[in-house]
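Peer 1: Produce the complete structure using the sequences and hints provided.
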Amino acid sequence: MATIAVERPSQTWRGGAAYGAKRSALVAAGLAAFWGIWEAYRFVGERAGITWPFTVDATNMPHIHDMLSALTKPLQPGGPRLIQLEWHWALFTGKEALLGFALGGAIGFAIAVVLAHSGILRRGLLPYIVVSQTVPILAVAPMVVVGLGTKGVKPWIAVSVIAAYLTFFPVAMNALRGLLSPDPRSMELMRSYAADRTAVLWKLRLPASLPFLFSALKISATASVIGAIIGEAPASIQDGLGGAIVNFNQYYSTGPERLWATNIVCAALGLFFFLVVLIAERLVLRRAPEHVA
Amino acid sequence: MSLALRRQAIQWLPALAVFALGIGAWQGLVAAFHVQEFLLPKPSEIARTFWDERGTLWHAGIYTFKEALGGFALGSGLGILAALLFAAYRPLGIAFMPFAVAANAVPIIAFAPIMNDWFGLLNPFSKMAIAAVLCFFPVLINTLRGLTSVDPRSIELMHSYAAGRASVFRRVRIPASLPHLFAGLKIASVLSMIGAIVGEYFGGPTNALGVTILNASAYTNFPEAWAGIVLASAFGILFYGAVALAELLTTAWDPSRRAFHTE
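Line by line, the protein sequences are chains A and B.
Numbering follows the numbering used here, in which position 269 of the first sequence is assigned residue number 269; successive positions increment by one, without gaps.
Numbering follows the numbering used here, in which position 124 of the second sequence is assigned residue number 124; successive positions increment by one, without gaps.
Take the hints with a grain of salt, since some may be wrong.
Claimed, not checked - Stretches of chain A that chain B covers, calculated by requiring three or more beta carbons in the stretch to come under 8 Å of a beta carbon on chain B: (1) 142-148; (2) 216-230; (3) 263-271.
Claimed, not checked - Short derived list, chain B residues pointing at chain A, Cβ under 10 Å: (4) Phe19; (5) Leu92; (6) Ala95; (7) Ile109; (8) Ala112; (9) Phe125; (10) Phe202; (11) Ile213; (12) Leu249; (13) Thr250; (14) Ala252.
The hints are simulated quantities; they were obtained by calculation from the structure and are not laboratory data.
For every residue, glycine included, the Cβ atom is placed at its ideal position computed from N, Cα and C.
Peer 2: If you want it as structure tokens, here you go:
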């Protein structure tokens, strides 16, 4: 037993390291391939004068190294470097997204718990939960910001509400499926122990819903970042990535690499949220391998 | 038949009741609490504006829906082709999948302004492009999952009949992927409409729905803005419904779909 206990971690560590190295090499190769294709298309496109589907030139396809080096240069002479500004914007948008994620996740899960217990509410409300996502939230965003503003709510919290609107949907749908997923035989067993609804919820439905919940949270992590970025634009918030996109888009012809750099930061923020949920999923579901879907 | 109809009615009754109650409560609360029009106009006000402006709104809606449809067709088509390719050449798929999952975690919609810069503000293709990119990844990921998560026994059976790769694809993998494919297409239908509207928000022709909504709220014509929002949702719902109907029609005759249900 002792030898196993000593050997196992080192084995898994070595296996994990090899796996991690392989993954990193794959990611590096993929990024290098993307870089190569981008630059090759631009090189060929500029010389051959490709105008379809779009004109290939320095404005439309800035060099990727120019996008990255734009991050190290200040916007105005003597000002902070762009990367420092982007960092603050990302923190601001990340704060909005995080609050939206928490709010949307909690509301989505609460809706799922209520609907899991009532067939009639399910039939009555589920269609509208689906319909809710067809509302172009971008168009409603200004009303949300102004409306909550009259109640004394700060604009960034209003943007979180918009992010929550996009976040709650996957959580509600997947958690509902998960809460309804337990084996009927398990339900019968619980009932034979005279377990009440609360006990069934905590001991059976909730653990069964976890894998479904985490696949929803992975979608929601990105959705909350999308909501925060998109919500900032109509709310005319200047302190986040969405505001930066609107600004840099206006000066696209003179500095396209700044808009691209901001989009790279947006992508990084989305990936960061996704990876945090992914790691949380690994940690939580590792203890219950039989539940991993 | 009448029994089936009655069962359908009972199925949809709660939803209809919620609809009536919701509209009634909205109308009543807005009137009772004197909610300002710029926040939330009365449903009756929105309905009247919708009727008065039906010509303009309808044309704008159709214009934007065409963009969404174009983007949906392009993005979903490419997503399905890529999934077929990755399912046929597994090492390629295994190498590429992490990137597809990562791309799906990126706020792609932030690229809408760049699409406008690439293809031109007034060119509908700029909106189709962003809608297409939005649709591509969910369709690719779902379809590939469907194509590869086939019961190994079915494959073995096909091999025992000496079936080639092509017929395994045609008879096993593609039918088995349909439910997953349609799950992806349903997500894509909603995303394509949102992509088109967000693209228009960053600039587009005045006869587009997103621009109409934006201009209406800029000129404080809030009932018209809300009428536009309702129309956009209606197109989104119809599109989603059309995909769901297509799913019903294409998978009803398919024995593997029935097997999914009975399992």
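Peer 1: Hold the hint about B:Leu92 up to the distance rule: shortest CB distance to chain A must be less than 10 Å.
Peer 2: 12 Å, violated
Peer 1: Can we keep the B:Phe19 interface hint, with Cβ of chain A closer than 10 Å?
Peer 2: 8 Å, holds
Peer 1: Min Cβ distance, B:Ala112 to chain A: is it shorter than 10 Å?
Peer 2: Nearest chain A Cβ about 9 Å off; hint holds.
Peer 1: Using the nearest Cβ pair, does B:Leu249 come within less than 10 Å of chain A?
Peer 2: 20 Å, violated
Peer 1: With a cut-off of 10 Å, does the beta carbon of B:Thr250 approach a beta carbon of chain A closely enough for the hint to hold?
Peer 2: 20 Å, violated
Peer 1: Tell me if the interface restraint on B:Ile213 is satisfied: Cβ within less than 10 Å of some Cβ in chain A.
Peer 2: 5 Å, holds
Peer 1: Do at least three Cβ atoms from the segment 142-148 of chain A come closer than 8 Å to Cβ atoms of chain B?
Peer 2: holds (count 4)
Peer 1: Given a cut of 10 Å on the nearest C-beta pair, is the interface hint for B:Phe125 held or broken against chain A?
Peer 2: Interface hint status for B:Phe125: holds (7 Å vs cutoff 10 Å).
Peer 1: Taking 8 Å as the Cβ threshold, is the statement that the segment 216-230 of chain A is covered by chain B upheld or broken by the three-residue rule?
Peer 2: Satisfied; 7 residues make the cut.
Peer 1: Under 10 Å is the threshold here; is the Cβ of B:Ile109 close enough to any Cβ of chain A for the hint to stand?
Peer 2: 6 Å, holds
Peer 1: Is the hint on B:Ala252 kept, meaning its closest Cβ partner in chain A is under 10 Å away?
Peer 2: 21 Å, violated
Peer 1: Any CB of chain A closer than 10 Å to the CB of B:Phe202?
Peer 2: 7 Å, holds
Violated hints, in rising order: 5, 12, 13, 14; the structure is consistent with all others.
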